[in-house]
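Spelled out, the chains give:
2 protein chains.
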Amino acid sequence: MITVALAKGALLKDSVTRFAKAGLDFSAVLDPDNRQLMVPSSCGRANALLVRNGDVPVYVAYGQAQLGVVGYDVLREQQMPVAQLVDLGFGGCRMAVAVKETSGYLRAAELPPHCRVASKFTNCARQFFDELDLPVDLVHLTGSVELGPITGIAEAIVDLVATGRTLKDNGLIAIEDLFQSTARLVGHPLSLRLDRGNLQEIIEAMRS
Amino acid sequence: MITVALAKGALLKDSVTRFAKAGLDFSAVLDPDNRQLMVPSSCGRANALLVRNGDVPVYVAYGQAQLGVVGYDVLREQQMPVAQLVDLGFGGCRMAVAVKETSGYLRAAELPPHCRVASKFTNCARQFFDELDLPVDLVHLTGSVELGPITGIAEAIVDLVATGRTLKDNGLIAIEDLFQSTARLVGHPLSLRLDRGNLQEIIEAMRS
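For the record, the sequence lines run as chains A and B.
Reminder that position 186 of the first sequence reads as 186 in my numbering, one-by-one numbering, no gaps.
Reminder that position 73 of the second sequence reads as 73 in my numbering, one-by-one numbering, no gaps.
Worth flagging that the hints you see were computed from the coordinates, not collected in a lab.
From a predicted model like this one, the values you see are computed outputs, not experimental measurements.
Watch out, some of these pointers could steer you wrong.
The list cannot tell twin chains apart, which means a pair is met if one copy fits it or any two copies do.
Claimed, not checked - When the alpha-carbon atoms are kept at most 30 Å apart in a straight line, the in silico DSSO-like pairs for lysine-lysine are as follows:
(1) Lys100 to Lys120
(2) Lys120 to Lys168
(3) Lys21 to Lys168
(4) Lys120 to Lys13
(5) Lys21 to Lys8
(6) Lys100 to Lys168
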């Protein structure tokens, strides 16, 4: 039995569509009345595990799911030991540094040393500012990071930007990108090594 | 101007009720149409900052909010430098170790050494098992921790239990409590030291 970890939320619909093309129909997870977190495919060959975005790499790294779909942003932040198999192309967004529109900063390097930067992705932010050789004080927040510059807890934020609407609504502007992110198919390394073809078939179908 | 950090979710309604008794009416935050994250009190003397549970101690520790209401569970997990002022009594729940009902384990000490334990509260769990002198492999999950024993990623979980309904629905049973949790009024230490009476007045009113 194959288990696939799917992230609840924005990536779910496209994830189901792509698995359907590979012969695994998980459309039951899209039923708004569904309360199950473990949902069998209509063919009975596989189970979908509906978990939070950040938990997909955990279930795949521990081998409780052989495959999973998750944003590249989460993979970069968590650095879990999973195999990145296919860039699925959907769920496009970018990790960016943003500041108040009125701040006058045009590049991340212009931020004052030791300023505070709020983010849900403090590992990504740390790496970025380390490479820039700019010491900053990172403030880890778990939500509504755009509040950072408004409340004054941080001068800048590092956050995912899709349409840019949230930034605009809060008087913020993105000044530099860390990286682009899309949904990725990931796999459990040992399961891939022991695979007798079942997993490879799905991976190949999802690649095309 | 006083800023109060309030946790969105289960604690919000009671938090608003208690601040109303202390003369700060934040009932606008309960309006289902409210989209604002910073909401002035009706008297204009204070602002409520609507943030995630886990972000309340961050805003208070950095002094962006002078007061905040948050669960004791979050305070125990995060260990941020905030002053614990009043046990508000509501939002009661307990942090507990739970296992599959069919597992046969009756106490945490019976769990096999080096077994895996899933939790959102890995700091609390680590401290508990360290004191028990039982080495366990902690798996950090961000949601639906009750899936842990079902999927086999963990033999036990450490999670908040309020009614016990979620455990029961998933065939789990709590075998040991780590601690009881309730909502706490917390404050920014420096703001409390510099306070000319405004904050103390609110704190006293909320204590009664």
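Each hint, compared with the structure:
Proximity of Lys100 to Lys120 under the C-alpha cut-off of 30 Å is restricted to the intra-copy arrangement: shortest distance 18 Å within a copy versus 33 Å between copies. Proximity of Lys120 to Lys168 under the C-alpha cut-off of 30 Å is restricted to the intra-copy arrangement: shortest distance 19 Å within a copy versus 33 Å between copies. Proximity of Lys21 to Lys168 under the C-alpha cut-off of 30 Å is found in neither arrangement, the shortest distances being 37 Å within a copy and 37 Å between copies. Taking the closest pair of Cα atoms, Lys120 and Lys13 come within 30 Å of each other both inside a single copy (24 Å) and across two copies (26 Å).
For a Cα distance limit of 30 Å, the shortest separation of Lys21 from Lys8 inside one copy, 20 Å, qualifies, whereas the shortest one across copies, 39 Å, does not. Taking CA atoms no more than 30 Å apart as the test, Lys100 paired with Lys168 passes inside one copy only; the shortest distance there is 10 Å, against 48 Å between copies.
This entry does not satisfy hint 3, going by the numbered hints stated previously; all others are met.
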